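Undergrad: Chain by chain, the residues:
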Amino acid sequence: MEEQNINPEQSMQIIQSMINRAQNNVADNGFHFIFWGWLVFITSIVFYVTLKMEIQNGWLVWSLMPLGGIFTGIYSYYQHRKYNPDVQKKVRTYAEIYLGYLWIAFGISIFTVLFMMNKLGEATYPLVINLYAIGTFVSGGILRFKPLIIGGACSFAIAIFSFFTPFENQVLLIALSLLVSYIIPGHLLRNKFKSQ
Amino acid sequence: MKELDPLLHSQLRLGIISLLISVKEAEFTHLKDETNSTAGNLSIQLQKLKEAGYIEIEKSFKDNYPQTTCKITKLGIKAFENYVKDLQQYIKPKK
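Going down the list, the sequences are from chains A and B.
In terms of the numbering used here, the first sequence is numbered consecutively and its last residue is 196.
In terms of the numbering used here, the second sequence is numbered consecutively and its last residue is 95.
One should not assume that every hint holds.
[Claimed, not checked] Below, in silico cross-link-like pairs of lysine-lysine (PhoX-like), each with a Cα-Cα straight-line distance of 20 Å or less:
| no. | chain 1 | residue 1 | chain 2 | residue 2 |
| --- | --- | --- | --- | --- |
| 1 | A | Lys90 | B | Lys32 |
| 2 | A | Lys90 | B | Lys62 |
| 3 | B | Lys32 | B | Lys59 |
| 4 | B | Lys71 | B | Lys50 |
[As the list claims (entries may be wrong)] Computed footprint of chain A on chain B; a stretch qualifies when at least three of its residues, placed anywhere within it, have a C-beta under 8 Å from a C-beta of chain A:
| no. | stretch |
| --- | --- |
| 5 | 5 to 13 |
| 6 | 17 to 25 |
| 7 | 85 to 91 |
[As the list claims (entries may be wrong)] Not everything, but these chain A residues come out facing chain B in the computed CB check (under 10 Å):
| no. | residue |
| --- | --- |
| 8 | Ile6 |
| 9 | Asn7 |
| 10 | Pro8 |
| 11 | Glu9 |
Calculated from the structure, these hints are not laboratory results.
Model, not experiment: these values are computed from the prediction.
Quick reminder that beta carbons are idealized off the backbone N, C-alpha and C, glycines included.
Whenever a hint applies, use it, and build me the whole structure from the sequences.
TA: See the structure below:
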């Protein structure tokens, strides 16, 4: 842009185009949705199989979760730290900050629900699904990405349905919830991010 | 009619402020890419905006590479709002 005289119409155009640029950039590459979507999806299917086959200590497959946490922690650290002009964060949007708060709240809530599993009993998994729904529904609103909003809405419905479902089948409903509100929208988000 | 804020009534400076108003903070290289400007010209305009108190500039090092981060101030937001308000007088169809 050269320094030159501009008229009010041009001023208006500059403001519009700059604000559009900032808004159209998707702030998220979908990595966390895809990673956690598949990890929890596969884990819950495996857990379901161990329940059906009456394998002892099948719940131990859930110990993959802290490993997943460590992995995504390392991934995020390198994404932010590594000097690479393509990857390096050049701009911090408000969307990223809101998302950060949302997922911290989500993490604390998941931890609380799982920690209180003994008290919650069969309501545990429906509440977990409800939390999954909040995560993607709100993320979709912040990122203005419809598939996440729709996926989140579906998980709200699945959560209600799962309250009336026996424990074993609740595990399958967790997998379904991951599929519709994390895996599918996550891949769609990644495609959109890559194409911009 | 009210005169438009001369500090903002410039293609590049208005572009910078419009970008910064929609994000929390942005790096120099990002501003340069988005506004299609040269590093030299961008530095000069950023300095002018900083002297007016419209933006804050923070220089730091990230893995031994210098990094300049820019952020709009409350005064900058106010100035931008006033600019847009004044601009509307010019744009409204004349009777």
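Undergrad: Work down the list of hints and note, for each, if the structure agrees.
TA: So, going through the hints one by one against the coordinates:
1. A:Lys90 <-> B:Lys32: 11 Å, holds
2. A:Lys90 <-> B:Lys62: 12 Å, holds
3. B:Lys32 <-> B:Lys59: Holds, because 16 Å separates the two Cα atoms, which is no more than 20 Å.
4. B:Lys71 <-> B:Lys50: Holds. Lys71 (chain B) to Lys50 (chain B) sits at ~10 Å (cutoff 20 Å).
5. 5 to 13: It holds, with 4 qualifying residues against the three required.
6. 17 to 25: holds (count 7)
7. 85 to 91: holds (count 3)
8. Ile6: 5 Å, holds
9. Asn7: Since chain B brings a Cβ to about 8 Å from Asn7 (chain A), closer than 10 Å, the hint holds.
10. Pro8: 4 Å, holds
11. Glu9: At 7 Å from the nearest chain B Cβ, Glu9 (chain A) passes the 10 Å test, so the hint holds.
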